[in-house]
Amino acid sequence: MLAATSVTPHAKGEKSDRLFGMSDTLFYRILSVLIVFGVWEIAGMIPISIAFPTFSSTMAAMFEMIFDGRLIYAYGETLKPLGMGVAISAFFGVTIGVSMGLNRLSQWVWEPIFVVLQASPVAALIPLITYAYGIGITAKTVAVIMLAAPIIVLNTYKAVRNANPSLIQMCRSFQGTRLQEIWIVIVPNAAPVIFAGLRLGVAAGFIGVILAELLITPTGIGDLISYHRSIAEYDYMYAAVFTIIVFSAVMVGFLETVEIKYFRPEKKKV
Amino acid sequence: MSDVATAAPLNPASATPENIVEVRNISKFYGSVHALDKINLSFPKGQMTTLLGPSGCGKTTLLKIIAGLLEPSDGEVLINGKVVNGPGPERAFVFQDFALLPWATVLRNVAFGMELAKVPKAEREDKARHYINEVGLSGFEDKYPHELSGGMRQRVGLARAMVVKADVLLMDEPFSAVDEQNRRKFQEDLLHLLAAENKTVIFVTHSIEEAVYVSDQIVLLSPRPGQIHSIIRPEISRDTSPDDIRRDKKYLDAVENIWTDLRKYLD
Ligand SMILES: Nc1ncnc2c1ncn2[C@@H]1O[C@H](COP(=O)(O)OP(=O)(O)OP(=O)(O)O)[C@@H](O)[C@H]1O
Ligand SMILES: [Mg+2]
Chain A
1 MLAATSVTPH
11 AKGEKSDRLF
21 GMSDTLFYRI
31 LSVLIVFGVW
41 EIAGMIPISI
51 AFPTFSSTMA
61 AMFEMIFDGR
71 LIYAYGETLK
81 PLGMGVAISA
91 FFGVTIGVSM
101 GLNRLSQWVW
111 EPIFVVLQAS
121 PVAALIPLIT
131 YAYGIGITAK
141 TVAVIMLAAP
151 IIVLNTYKAV
161 RNANPSLIQM
171 CRSFQGTRLQ
181 EIWIVIVPNA
191 APVIFAGLRL
201 GVAAGFIGVI
211 LAELLITPTG
221 IGDLISYHRS
231 IAEYDYMYAA
241 VFTIIVFSAV
251 MVGFLETVEI
261 KYFRPEKKKV
Chain B
271 MSDVATAAPL
281 NPASATPENI
291 VEVRNISKFY
301 GSVHALDKIN
311 LSFPKGQMTT
321 LLGPSGCGKT
331 TLLKIIAGLL
341 EPSDGEVLIN
351 GKVVNGPGPE
361 RAFVFQDFAL
371 LPWATVLRNV
381 AFGMELAKVP
391 KAEREDKARH
401 YINEVGLSGF
411 EDKYPHELSG
421 GMRQRVGLAR
431 AMVVKADVLL
441 MDEPFSAVDE
451 QNRRKFQEDL
461 LHLLAAENKT
471 VIFVTHSIEE
481 AVYVSDQIVL
491 LSPRPGQIHS
501 IIRPEISRDT
511 SPDDIRRDKK
521 YLDAVENIWT
531 DLRKYLD
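Note that the protein sequences, when read in sequence, are chains A and B.
Note that the numbering used here has the first sequence beginning at 1, numbered continuously upward.
Note that the numbering used here has the second sequence beginning at 271, numbered continuously upward.
Mixed in with the good hints, there may be bad ones.
[To be verified] Interface residues of chain A toward chain B, partial, derived using beta-carbon atoms under 7 Å:
| # | residue |
| --- | --- |
| 1 | M170 |
| 2 | R172 |
| 3 | F174 |
Calculated from the structure, these hints are not laboratory results.
Just so it is clear, CB atoms sit at the ideal spot from N, CA and C, and this is done for glycine as well.
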């Protein structure tokens, strides 16, 4: 509803910030990516280590794995527990975090649990998950939740707790109800920090699922990495790692879009 | 509004003009900090009252108690003769720090009170546009607060308070973020707007000149615990031009007298 009204023409006389027909931020982003790939290619050619392939051979390996279906299959395996774990962590994490920020009792119940989880070396605990949940998809999902949920919960809690008191008073002065106060003021006010927590949570969830695949059951993208490392096909191994980075970046971009579209339309124009 | 005429004196004993807001025996403690001590005040309908006093004397506290945003430790606030215990539609607050929603456009911010009251979107936006125009911000409806200057943001806050048609406007240092030239312009605009709408205004400021220029009644508060030091009625005719008012003998005398009173708190 807001996004529709937020399109304002640029002020007249504003200096054009376009290069080669694209906005200059986009231009510099592409440029920096190209430089990184270029340096990677050169470093691979020197080579700095026999375990470090060039950019081009990594890309060739990646496309080969995409077209023969191995990569697609591996992602199918990895994304199921990752998607479920992240969705569960996001939904319950934000709900619990908001309730902790609004309610002392809820804070008292949940805070110790998540602080301990966040502080503990979860990677060391992952093998223990097997005792309770076996080696299937449930165990992997639990690993994702253990890494993602604390970050999401604690970020949300802090964001809500630190909601701008002046905006809350403003809402009260116009006779807003408590529910309106929460949904129209506190949550949008906390949205940037909540979304920062979600982005970190997704990244942590990725770590969780890969760790589970390396430590519990050799499947999915984690298995692709460890298998190719074990037979010294480093270009394939790096190709798998590369896809993870691309995938994370896409997820982060997606979350940013959701945040701007539904919660913080004012950031679009910055 | 027709009910203004029918709002005959509920209390025939009260002197003219009728007091729309009354503060009775208000005290406020923040823990052990004694901020306000037994404040009794009357605010006549349609008049502008200024709260003036040294920093930390409890002006904001008193204003927020009247707004229903803070609980007094003792005493009561009456609006139209009735005791109130919270915010109500008769009062609207203009915040010192603007309190605009950063994620909402000027239009949505101004219409926010009506959004909370679930007024249909088209209707509330129509009304909001009218006041956006009144405060001189037409053309900025779709801007976000961070794209506006401090003075413009305060105008948004003012329009938001005006549009809900509250009889009483509570303003906490509304001009403190505005530079001197714009401040004068803003004061004049405000006086015009308020005169046209017959608002009762309770206004906090640090500026003696501003207080004398805009007020019918000035309440001087003493340092903590805030008590009423004196009440001054400048009785300046507002029919003349702003520049004449600022040269008026009564204006200059009032400024001088208040300054003499306040100066002793500085030593
Ligand atoms: N939430 C609070 N907790 C504790 N003390 C407070 C609180 N708010 C205000 N005070 C104290 O109460 C006194 C009055 O505060 P208030 O903000 O009402 O003063 P003020 O007259 O508005 O000051 P200024 O002119 O600087 O805005 C101050 O001494 C302040 O330290
Ligand atoms: Mg104050």
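Agreement of hint A/F174 with chain B interface, Cβ distance less than 7 Å
Interface hint status for A/F174: holds (4 Å vs cutoff 7 Å).
Holds or violated: is there a CB of chain B closer than 7 Å to the CB of A/R172?
Status holds, d = 6 Å.
Against chain B, with CB atoms and a cut of 7 Å, does the hint on A/M170 hold up?
Interface hint status for A/M170: holds (4 Å vs cutoff 7 Å).
No hint from the list above goes unmet by this structure.
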